[in-house]
Structure formats: structure tokens, C-alpha cells
Amino acid sequence: MSKYRFLSLFWIIPAYLAFISFQQGMVHFGSKITFENGDRYIVEVLDMQMKQIAAQSNGFVIFKFTTPEDDVITKKMTLTIQMAQQIMKVSEIPIRYRKGGYPEIVLEPTYDIQYATSLYNMWVAIAALISTIIAALMIQRFSNAKSKTGTEVLHLERID
4 MSKYRFLSLF
14 WIIPAYLAFI
24 SFQQGMVHFG
34 SKITFENGDR
44 YIVEVLDMQM
54 KQIAAQSNGF
64 VIFKFTTPED
74 DVITKKMTLT
84 IQMAQQIMKV
94 SEIPIRYRKG
104 GYPEIVLEPT
114 YDIQYATSLY
124 NMWVAIAALI
134 STIIAALMIQ
144 RFSNAKSKTG
154 TEVLHLERID
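For reference, each letter of the sequence shown is one residue, going 4 to 163 in the numbering used here.
No lab work stands behind these hints: they were computed from the structure. A couple of the hints might just be wrong.
Listed below are the simulated PhoX-like cross-link pairs for lysine-lysine, each with C-alpha atoms no more than 25 Å apart in a straight line [what the hints assert, rightly or not]: (1) Lys-102 - Lys-78; (2) Lys-92 - Lys-54; (3) Lys-102 - Lys-79; (4) Lys-54 - Lys-78; (5) Lys-54 - Lys-67; (6) Lys-92 - Lys-78; (7) Lys-35 - Lys-102; (8) Lys-67 - Lys-79; (9) Lys-102 - Lys-54; (10) Lys-6 - Lys-54; (11) Lys-67 - Lys-92; (12) Lys-6 - Lys-35; (13) Lys-102 - Lys-6; (14) Lys-79 - Lys-92.
Take these sequences, add in the hints, and give me the full structure.
Below is the structure:
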């Protein structure tokens, strides 16, 4: 087997980007379905923290609510800084909950941001997928051409 065949492992990157594109599409369309068809609850905020590091700023919120079936649900959701600013100083948050949905919970005050961000992420991942597929095809073509020529013969000359 030629050493150039290992270049075929580059196809892992487009496969991963295809997965990310699909996942972000699921979040985008699933959040719309959850927002439109989910049950509305007002949840009690148990804890909310912001993490501000030089490279990233995000936070999380922990809340709980009780369903009509008397199930007490406690969730921890990670939020971007923009989403966290929308709900920073409140003790109760309106949500939409759809059991078995993807995502199951959509925070009503941050729905527009979540919906737009997932759409943006999906299109960025699709653009990256297209460009890496083009690169992968070129790399695969190069690998196939080099593999057909056989092994390289190395000629050594001694110069005194």
C-alpha cells in the first residue's frame, strides 16, 4: 500500500462537517416545532452563572418546572452571552416544552436568537462542507495518481 493512501483520511473532515450541518438543521427546525407546538410553562430559575474568559463568554441557567403529569423536570442549559443577557435578572422564565423534541425546551425570550444562530451555523457548516469536499476530491485525485506510479525509488550517491 502506498503512503499516499493515508491522504484518504482527509474525508473524515467533510464527514464531520456533514454531521454538524445535519445537527444544526435539526436544532433549527426542531426549535421552531417546539416553539409552535410545545406546552408553555413558567419555570423557576434555580441558578444562573456567567463565565467570561478572554476567548469566550457564555453562561448557564438551571431551572425546574412541574408537568401536568407531576413530573418535576430540572434542566441545565448552556447559553451564549446574547441569550443570557435576555434573561439575566429574572427569577421566572417562560419556556416551551415538547417531550421527545429536539430540542425539548426553548426559552421564549431567547427563541429569536437561538433560531437565527442555528440557521447561521448550519449555513456556515454547509459552506465549509462544500469547500472541504472540493479539497478532498483534489487530494484524492493526487493520492490516486501518486499511488498508481508505484513506490518511489531513492538513488543515493556518495560525494567525497
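Okay, which hints does this one fail, numbers in order? Going through the list in order, the structure violates hints 9, 10, 12 and 13 and respects the others.
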